[in-house]
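Novice: Those protein sequences? They're chains A and B, same order as listed.
12 is the number that my numbering gives to position 12 of the first sequence; each next residue is one higher, with no gaps.
387 is the number that my numbering gives to position 387 of the second sequence; each next residue is one higher, with no gaps.
Hint data in this document are derived by calculation from the structure and do not stem from the laboratory.
Wrong hints could be hidden among the right ones.
Claimed, not checked - One side of the interface only, derived from the structure: several residues of chain A facing chain B at Cβ under 10 Å:
hint, residue
1, G54
2, D55
3, R56
4, L72
5, A78
6, E85
Don't be surprised by glycine CBs; every beta carbon is placed ideally from N, CA and C.
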Amino acid sequence: MNLEKVIFAFFIVLALTLNFGFFIGDIANPVHHNVYELFAAIVVSLIATILKFGDRTHIGAVLLATSLVADLQLIVAAIVWAFVEHVSDAGMTPHAMAAIVSLSGGAVLANITSVILLVTETVMVRR
Amino acid sequence: MVRHNIIFVLLRRLHSPLIALVCVYAVCILGFVLIPGLDDKGQVWHMDFFHAFYFVSFMGTTIGFGEIPYAFTEAQRMWATFSIYATVIVWLYGIGFLLTVLQEPGFVQLMEQTSFQRKIRRIRDSFYLICGYGDTGSKLVKALTESDITAIVVEIDPERIHVLELEDHRIFVPGLCADASLPESLVMAGIKNKNCIGVVALTNDDAANLRIAITTTLLNPGVRVIARAETRDAENNISSFGNSQVINPYVTFAGRLAMAIHSPGTFLLHEWLTSVPHEQLTEPLFPPHGKWVLCGYGRFGKAVHERIVAEGLDVTIVEAKPEKTNAPGNVIVGRGTEAVTLEQAGIENAAGIVAGTDDDANNLSILMTAGEINPDLFMVARQNFRSNDAIFEAADIDLIMRRGSIIAHKLYALMRTPLLAKFLDLAREEDESWANQLISRIGGLIADKPPLTWEIDINMTQAPAVFERLETGEPVQLFSLYKDPQNRDNYLDCIPILIRRKGNQYLLLPDEHLQIEAADEILFCGHQKARIMTDWLVLNPQVFNYILSGEEHPSGYLWKLLTRHAQKKNQQQQAK
């Protein structure tokens, strides 16, 4: 067992699960989407990205790319959230919530790709 | 070799500080979000993520923006205190780590290599790879850049690379600090690059030069290799494969010195034709015939002795360690720096003296002592290091032989025009009066600048005007290649000195009425301006036509049509 691999897989899977937890629920209903969960998803996603830095294999490069996509989607979602809450006069509307959640939905797809790649690599190594 | 991406290497090294930064920020932000505060009306208020992120961001980096949006409660202040220390420490850790990584020798080397490779990739011209940047190497690089030839330097000594970086060359010369005998250094320096036209191995280690020659022949066959070899063994070894040329610095140097003594005309011809741009033109010298004294019988002294004796001159050898150097029996033992030894060698009635030891200070001392005893001596000094230029020039010496400079000149001539090397070989076989005649001819063409030599190959790309004319079967005589395109009655300030025909047939100083053949390679020597003119007339069919016929033919279709029409009319009238 390799501790590095454990931590690596842990963060990748955790990024997906947190992200999914935030994403699930009625898309336009703010009650279904917890802001703490989005925060945790962003933090874990960032850590997962940093862990992937410097892997020069092909699969490592693709993993890094999917992770960067997830970061981008989640950070944009957070910025939209901050904007509608504090800057725009209308406040949180179902429309804005739908935008935030759909952005995180995109991140879910990217994270799923990451996990699929991780599983593929694991199956290929068989150790 | 794998091309490292510097950013990725840096990020991988920075794993831990980056993760620490993210974690500390996350904990601090979360703390501010969870700890309840009081707003201006005294009601419980929770900071949201946006404000928490804002506060933590400026707190860690500036400290002192104040408590926003409302004054903090005691619990919040306690958390803020913790956060300040945590974030400041994690920032210091991160930045300190970054600076350490950036200064690590391995990383610095990686950055230098990356920037070097980037420079190599940007080079679009063909270039020479110079391995070894000593006296000879630096002189050669200077000469090459003066004539717009790109060079790349690989040198093992970091000091010499710094010297290269500080020198002001006309063209930028990238330098790599690496062991040139390792194939990967040569690959990094661009040996596999299609623009690489030659490799010059000038390190002071014969084995390294041999390895460079082998690597080059294997990795990029067809590229020219010029290698320096000090022993006969290494010389034979290197010249046995590929298209490599070998230069033995001692033999070359001694050959030049002997030539300077016994045939000054041929020597001057060599000096002129191999001179580097912007150098001063060497003045002719006339060393006297008679008895010579040779101080120093090392590798160099032996080579000189062999040459001078072959010329039938009377030589007395002065050598400090005759047993070690296998000197002949009649040698005078001593360094030559003291008057006694020189008097023993018969300096009073000698015609000239050669100070040829491998110690510059001793050489100067020998000449100064000898000059006091016999002021009429012709003095020849061997200068080993370029750093001693100033003192050698200050001393009143008739002929200074600089080793680095002579080898560099020879290399430069080889690299510029391969024909020139052949010409010099042939010229050495001619006698002194032949050389003197040629010198006065060349001297008349050039003012006081060194003559330029250049090659014109009669083929479709280099001389289309001449080549097309030959294709039609019309004869072209040699003199038409160096007539003045502005007035065909005048000759340009240059002369053809050698022609190479198909089948390696060489014609030395060809007659001006010689018929040119396709694939001839002609070596010209003369003034810089003449070169531009000859290039113009062999490229431009109009100009060449004017030279041949004295008429200017129309070039456009319309004019051609009109003149043809007029000619027909003329012919019809004449027929009537």
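Novice: Against each hint, give a clear statement of whether it holds in the structure.
Specialist: To see whether the hints hold, each was checked on the structure:
Evaluation of the G54 (chain A) hint against chain B yields a held restraint, the C-beta minimum of about 2 Å falling below 10 Å. Nearest Cβ of chain B to the Cβ of D55 (chain A): about 8 Å, under the 10 Å cut. The hint holds. This hint holds: R56 (chain A) has a C-beta 7 Å from the nearest C-beta of chain B, less than the 10 Å allowed. Restraint check, L72 (chain A) versus chain B: the minimum CB separation of about 16 Å is more than 10 Å; hint violated.
Because the closest C-beta pair between A78 (chain A) and chain B is about 7 Å apart, less than 10 Å, the hint holds. Here the hint on E85 (chain A) is kept, as its CB sits about 7 Å from the closest CB of chain B, short of 10 Å.
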